[in-house]
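Undergrad: Using the sequences and the hints, build the whole thing.
The chain contents come next:
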Amino acid sequence: MTRSMDDDSFERDLFRARARQMPAPALPSVEKVIARGESRRRVQAVAFLPRMIARASNVLSKTVAPIAMMHAAAGIFVAVAWGSGVHVERARPDMSGYADRPNMSLEPPHMQGGASDSQLASVPLTMRDRSSCDAPFSAPRAQESLFTLGSSSGDSMCMDDERGMSRSCGDYVTCADGRP
Amino acid sequence: MEAQDREAFTFLYEKQAPRIHRFLRDLLGDAALANDATQETFVRAYGHMEIVREPERAVPWLFGVARNVSLELRKARARRCRVFSDDDAEEAMPAPTSHSPTPEGELLGREALSVVDAALAKLSLDRRAMLLMSLDHGLEYADIAQLMGFSLAKVKVEIFRAREVLRETFAAYEREAERGGR
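Which chain is which? The protein sequence lines are A and B, in order. One point on numbering: in this note's numbering, the residue at position 3 of the first sequence is 3, and numbering is uninterrupted. One point on numbering: in this note's numbering, the residue at position 135 of the second sequence is 135, and numbering is uninterrupted.
Take these hints with a grain of salt, some might be off.
Claimed, not checked - With a straight-line cut-off of 30 Å between C-alpha atoms, the simulated DSS-like cross-links for lysine-lysine are:
hint, chain 1, residue 1, chain 2, residue 2
1, B, 15, A, 32
2, B, 75, B, 154
3, B, 122, B, 156
4, B, 75, B, 156
5, B, 75, B, 15
6, A, 32, B, 75
Please keep in mind that the hints were generated in silico from the structure rather than gathered at the bench.
TA: Structure representation (structure tokens):
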């Protein structure tokens, strides 16, 4: 039988028949999605800061020591993020003796002594400093890429050099040379 | 979050999440990945309550977000593939996942599943997305054009060509069935 291309009811029937027999997906509860949405909202409330601070520090680093500027910028960001209720972790893989708790020194006061799982789940930010990358970070792009947003709960985002916070990237972090 | 917003979001999620999941599974070719992508789509929707409050506007918008999420996941997957496999940097087009049909489905819609899946596997991602949005999910051409960033004419042509592929696939299936029945 020849079917007219003007009439798409045949194709729609095919899709309907297909949809009917598909097993229902095992989706998370709406409460879980809302909790993640709230977490994301908290991240976004401070997410513009790393880029802004990185740009400012980049300008200043032309006259001031870059490493000192980097640490100063990191300090400002950590302080503001804490004030906004967002815990910022600062990865310091070179901190010998703190291998099990590399972020200990930057935990906010209410988390000192260990955070509960629920607290950690609401901790959406991770910030890496230059010690996690071997490559130099004098270029503006590299400096921006040092600020990485991630989450201990798997709900994560990171700064994209070109487009701002527009992609999920829980599993990779860019260093100045592009390595994870 | 206000109670009204929560109610609107819950309604949208319960009504649309299964459809979004089906759409994403067809785009990503992986049911587990589609689960994550569906969740991510609604987490993003949560940040746009002004749209969620208007269901007629929210549905096409959700499909646009879902498509973006699927593209991002595919890029991330391609990157991971490059790390693990240097000799196959180009990501192969995933075919939609095969399903485990229910006994009822075995009887009623086996043809629909295999024909549609086979046809979708032949389509480019954009064409596949447009066909699904139009025929499977009932979006208007104008909405599809807007969320894909294409002209209305292009959307019509792309969907027309995708339908041709679907019909050709079905015709081949019918011919095969006839030969097998003799």
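Undergrad: Now tell me if each hint is right for this structure.
TA: A quick look at each hint next to the structure:
| no. | hint | result |
| --- | --- | --- |
| 1 | B/15 with A/32 | holds, 16 Å |
| 2 | B/75 with B/154 | holds, 25 Å |
| 3 | B/122 with B/156 | holds, 18 Å |
| 4 | B/75 with B/156 | holds, 27 Å |
| 5 | B/75 with B/15 | holds, 29 Å |
| 6 | A/32 with B/75 | holds, 26 Å |
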